[in-house]
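**Q** Assemble chain B onto chain A, guided by the hints.
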Amino acid sequence: MTRLTLSRRSFLTGAAVASTAPLAGCFDGVASRDSTIRDVLETANSLTYRVQRMLLGSDDLAREYSPSEIRQPQRPNGTTNPGDVDYRQLAADNFASYRLKISGLVEKPAQFSLDELRAMPSRTQITRHDCVEGWSCIAKWTGVPLAALLDEVRPTAPARFVVFDCFDTMENGFAGPIRYYESIDLADARHPQTILAYGLNDQALPVSNGAPLRVRVERQLGYKMAKYIRKIALVDSLSAYGQGNGGYWEDRGYEWFAGI
Amino acid sequence: MATMSDVDAPKDRGGGDETETETSSRDAGRLVYRQKIATRVTHWIWAITLFFMLLSGLQIFMARPDLYIGQQSGFGFDNSILSIGTVQVGGELQGVTTIFGHQFETTGWLGLVPQGDGMARKSFPGWLTIPGYRDLATGRVVHFFFAWVLVATLLVWLIASIANGHLRELVPTWRDLKRLPRDVADHLRLRFRHDGAYNVLQKLSYAGILFVVLPLIVLTGLTMSPGVVAKFPVLLDLFAGRQTARTIHFALMLCLVAFFLVHILMVVLAGPINELRSIITGWYRTAPEKRR
Chain A
3 MTRLTLSRRS FLTGAAVAST APLAGCFDGV ASRDSTIRDV LETANSLTYR VQRMLLGSDD
63 LAREYSPSEI RQPQRPNGTT NPGDVDYRQL AADNFASYRL KISGLVEKPA QFSLDELRAM
123 PSRTQITRHD CVEGWSCIAK WTGVPLAALL DEVRPTAPAR FVVFDCFDTM ENGFAGPIRY
183 YESIDLADAR HPQTILAYGL NDQALPVSNG APLRVRVERQ LGYKMAKYIR KIALVDSLSA
243 YGQGNGGYWE DRGYEWFAGI
Chain B
2 MATMSDVDAP KDRGGGDETE TETSSRDAGR LVYRQKIATR VTHWIWAITL FFMLLSGLQI
62 FMARPDLYIG QQSGFGFDNS ILSIGTVQVG GELQGVTTIF GHQFETTGWL GLVPQGDGMA
122 RKSFPGWLTI PGYRDLATGR VVHFFFAWVL VATLLVWLIA SIANGHLREL VPTWRDLKRL
182 PRDVADHLRL RFRHDGAYNV LQKLSYAGIL FVVLPLIVLT GLTMSPGVVA KFPVLLDLFA
242 GRQTARTIHF ALMLCLVAFF LVHILMVVLA GPINELRSII TGWYRTAPEK RR
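Read top to bottom, the protein sequences are chains A and B. Sequential numbering from 3 applies to the first sequence in this note's numbering. Sequential numbering from 2 applies to the second sequence in this note's numbering.
Treat the hints loosely; a few may be bogus.
[Stated by the list, open to error] Here are the computed lysine to aspartate or glutamate pairs in the EDC-like style, where the Cα-Cα straight-line distance is at most 16 Å:
1) A:Lys-103 x A:Asp-61
2) A:Lys-110 x A:Asp-88
3) A:Lys-110 x A:Asp-153
4) A:Lys-103 x A:Asp-153
5) B:Lys-232 x A:Asp-61
6) B:Lys-232 x A:Asp-62
7) B:Lys-204 x B:Glu-170
8) B:Lys-232 x A:Glu-66
9) A:Lys-233 x A:Asp-88
Think of the hints as simulated: they come from the structure by calculation, not from any bench.
Just chain A, with the same shape it has in the complex (with noise of 0.2 Å):
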């Protein structure tokens, strides 16, 4: 019986090798970055944004479910405890000296302390996370609508993205460790549910979701809404970040835009 099962076994994984052979990998160069065939396909992701930017007015929510719909924690995702030397000083104390400091193209650089926050006019909402590898999570977020934040500071006339720096080091690089980094366009930033959150499920943000503040992008996918966020800044361009595409997991070939 076991010689049945193992010889079935082997033809089977025979058949597979010899059929995978000639056929695997034949168009593996469309994942070459800096190839013409993927400018060309890229292009369809800007169709994608420049549509769903004509259709989204900040009037579309993105769904809130009820609180029954809330049957499991949020699955903690990418980084979950970072070990970063700031940022473990920071939580030892809980973030009571933790300061988010916005900046750039902005007509009051301003800071604030997660008290300070915490006492601001606060959205509280239940949605569904989507993450790029196909999961889906419902839960509910309290946190700072990021417009009025926006508001405090005053972006000026040329600012087009917010640009958000995260504690939490992804690798280390040729030039030091690379840390988490993403941006949004203004028309996100300003979205009625785009919020920095501070709770989560009723409860303070643990650190395996983005203590001391992780934003909330609702319209995109997970890896748009950055946790352990260590400053905000406004710029025109996200040419001086990373490898310029926007973000970290931008700088290794996911969309910037990731509303699909």
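**A** Relative to chain A, chain B alone:
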């Protein structure tokens, strides 16, 4: 209205009774201009598009090789209906696919697949995905490019087919449906009419793909977009949640693969040279009812 035009259409002469058979057999062996340019061009664009969408779609699926029912994916509860992974059995790794709670060993094909000289823990073998190795980012770029091509081609086909009359040929009429049992029997005996008109099984499968499967696969795909469902939240209700939409999207893909296999089989059985000529040049050699 469809019935009227169907009766009027001169090419719908394969009624099947003796008189008609004798009349049409005079046309035997004659070349007719069967497939119009729009039909042929869109056919081949779809062939290429669906190939790339299938292989890049399977690449995307590999990032989360589970299908769920509902709004979200169950981590704290179980709502998965399909899952591809591996299990350790007696110190040996096995590829396992779980469908509705039933486990199947799929080593070599799903879960644990050949890669290089050994085996890798991966949902699909390299020849089933673009790229052949794990690369979600590239899979998404390829998938969304061809998604636009697919939708554009569907629209072009729809407008052209309304204009050139092709659409009318595809919609099954009441008379067609009454012929269904005999048509099934004919197909089972591999007896095909070559009179240049679509039989009812052809109409049902082509209309099913073009008016049901393809529109639904586009809509379920859009339901996975967090941007699109902010504009059209009704999609979430229509498909009973984002994760259900993802599951339906996958099931529709299997329908397309099944259609493709039967389509190729029928081309081979019906005479591949003649069929290929008609979908490349448009010219088709009729041989109505010769074998009767």
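**Q** Each of the hints needs a verdict: does it hold here or not?
**A** Here is how each hint holds up against the structure:
The hinted pair formed by A:Lys-103 and A:Asp-61 fails the criterion: a straight-line CA distance of about 28 Å is larger than 16 Å. Taking the CA atoms of A:Lys-110 and A:Asp-88, the gap is near 26 Å; set against the 16 Å cutoff, the hint is violated. Simply put, A:Lys-110 and A:Asp-153 have alpha-carbon atoms about 10 Å apart, close enough for the 16 Å limit, and the pair holds. For the given pair, A:Lys-103 sits about 15 Å from A:Asp-153 by alpha-carbon distance, which is consistent with the 16 Å threshold.
Note on B:Lys-232 and A:Asp-61: the hinted pairing holds, with a Cα-Cα distance of about 9 Å set against a maximum of 16 Å. Between B:Lys-232 and A:Asp-62 the alpha-carbon distance is near 6 Å, which keeps this suggested pair within the 16 Å criterion. Proposed proximity of B:Lys-204 and B:Glu-170 is supported: the alpha carbons are some 8 Å apart, at most 16 Å. With a C-alpha separation of about 13 Å, the suggested pair B:Lys-232 and A:Glu-66 falls inside the 16 Å cut-off, and the hint holds.
Distance restraint check for A:Lys-233 and A:Asp-88: the Cα-Cα separation of roughly 13 Å lies within the 16 Å cut-off, and the hinted pair is therefore satisfied.
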